[in-house]
Amino acid sequence: MRADASVTVLAERFHMTLTGMKKHIGVLEQAELVTTEKLGRVRTCRLGPRRLEEEAAWIENYRQLWDARFDALDTVIEELKRKEKRDGRKKRG
Amino acid sequence: MVARREGEPAPTRNRTTSERRSDRELVITRTFDAPARLVFEAWTTPELFKQWWVPKSSGATLLSCAQDVRVGGSYRLEFAHPTAATPMAFFGRYVEVVPDARLVWTNEESADGAVTTVTFEEKDGKTLLVMRELYPSKQALDLAIEGMDGAMPETFEQLDEFLLARGAGAEGI
Chain A
1 MRADASVTVL AERFHMTLTG MKKHIGVLEQ AELVTTEKLG RVRTCRLGPR RLEEEAAWIE
61 NYRQLWDARF DALDTVIEEL KRKEKRDGRK KRG
Chain B
1 MVARREGEPA PTRNRTTSER RSDRELVITR TFDAPARLVF EAWTTPELFK QWWVPKSSGA
61 TLLSCAQDVR VGGSYRLEFA HPTAATPMAF FGRYVEVVPD ARLVWTNEES ADGAVTTVTF
121 EEKDGKTLLV MRELYPSKQA LDLAIEGMDG AMPETFEQLD EFLLARGAGA EGI
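Chains as they are written, first to last, in my numbering: chain A, 1 to 93; chain B, 1 to 173.
It should be emphasised that the hints constitute simulated quantities derived from the structure, not laboratory data. One or more of the hints may lead you astray.
Stated by the list, open to error - On the chain B side, residues computed to face chain A include the following (Cβ under 10 Å):
| hint | residue |
| --- | --- |
| 1 | Val-39 |
| 2 | Trp-43 |
| 3 | Leu-63 |
| 4 | Gln-67 |
| 5 | Glu-122 |
Beta carbons are placed, not taken as given, at the ideal position from N, Cα and C, and that holds for glycine.
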C-alpha cells in the first residue's frame, strides 16, 4: 500500500521494533526520500521531495519523447497540407 | 535558411505540455497548425503514422504497424531496439472512433495498461490535441513510471542528447 503512515504502523508492517523503524526513517529522512511530521503523539511519514523530483523528471522525459514525436508529426502534416494545396482538394470533392 | 514567401507566417514551434493530472492520469497537449482532419489522417493512416511515431533519436525501429481504425478494431505495433533482444509489441483495441475528433484505445500489452483518449479540437484552422492516459489505479501509473524509468534509460539518454544538441543549435551556440 502507498499512503502516509505512522511510525508505529510501519514498524508493525515490517515486523520491526519501534526503535529500529525510527532509525530507518531517520536515514531516509536525511536522504529526503521521506518526510515526517509529529502531530500530538503520532509521527506521520510520507514520501519526501526526492521521490517527487524523480517523478517530475520522468514526466519531463515523457514530454520530451512526445515533443520529438510531434515535431515529426508536424513534418508529416505539412506534407499533407502541401499535397492538398497542389491537388486543390479535388479528391475530397 | 530557406527564404519564406511573403504573407506566410513564420512557423513558431508549438509547445508540448505533460502533467500528471491525477493519481491515475497523465495528460499531454500540443497544438498543430493544421485542420483537425489532417492531424487525424496522420494519426490513423499506417503509412503516415510510421513516419512520425518513432523519433529517430530513440534508436528504435518500427518493424510493423497495423491499424484497423474502427470501433472494436485492433492495432499492433512492433519495435526493435538495439538494447532489446527481441522485438517489443504494443497492441490493443479502438473503443471509440469519431473521425477528425476523437480516438480512444486500450493498451493490452500489460494487464495494468492505460486507456488512451486523444481529442482533436479545431479552432481557427489550428488543432489542439489532448492525449489522456487513464490507468486502472494509482499503483498501475506509479509502476508504469518506475518501470519505464528503468526500462528506457538509454532511449531517454539518446533523446536528451538529441534535444540538447538541437536546442544548442537553435540558440546558435
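Status of the hints after comparison with the structure:
no. : hint    : verdict
1   : Val-39  : 6 Å, holds
2   : Trp-43  : 8 Å, holds
3   : Leu-63  : 17 Å, violated
4   : Gln-67  : 15 Å, violated
5   : Glu-122 : 13 Å, violated
Hint compliance for this structure: hints 3, 4, 5 are broken, all remaining hints hold.
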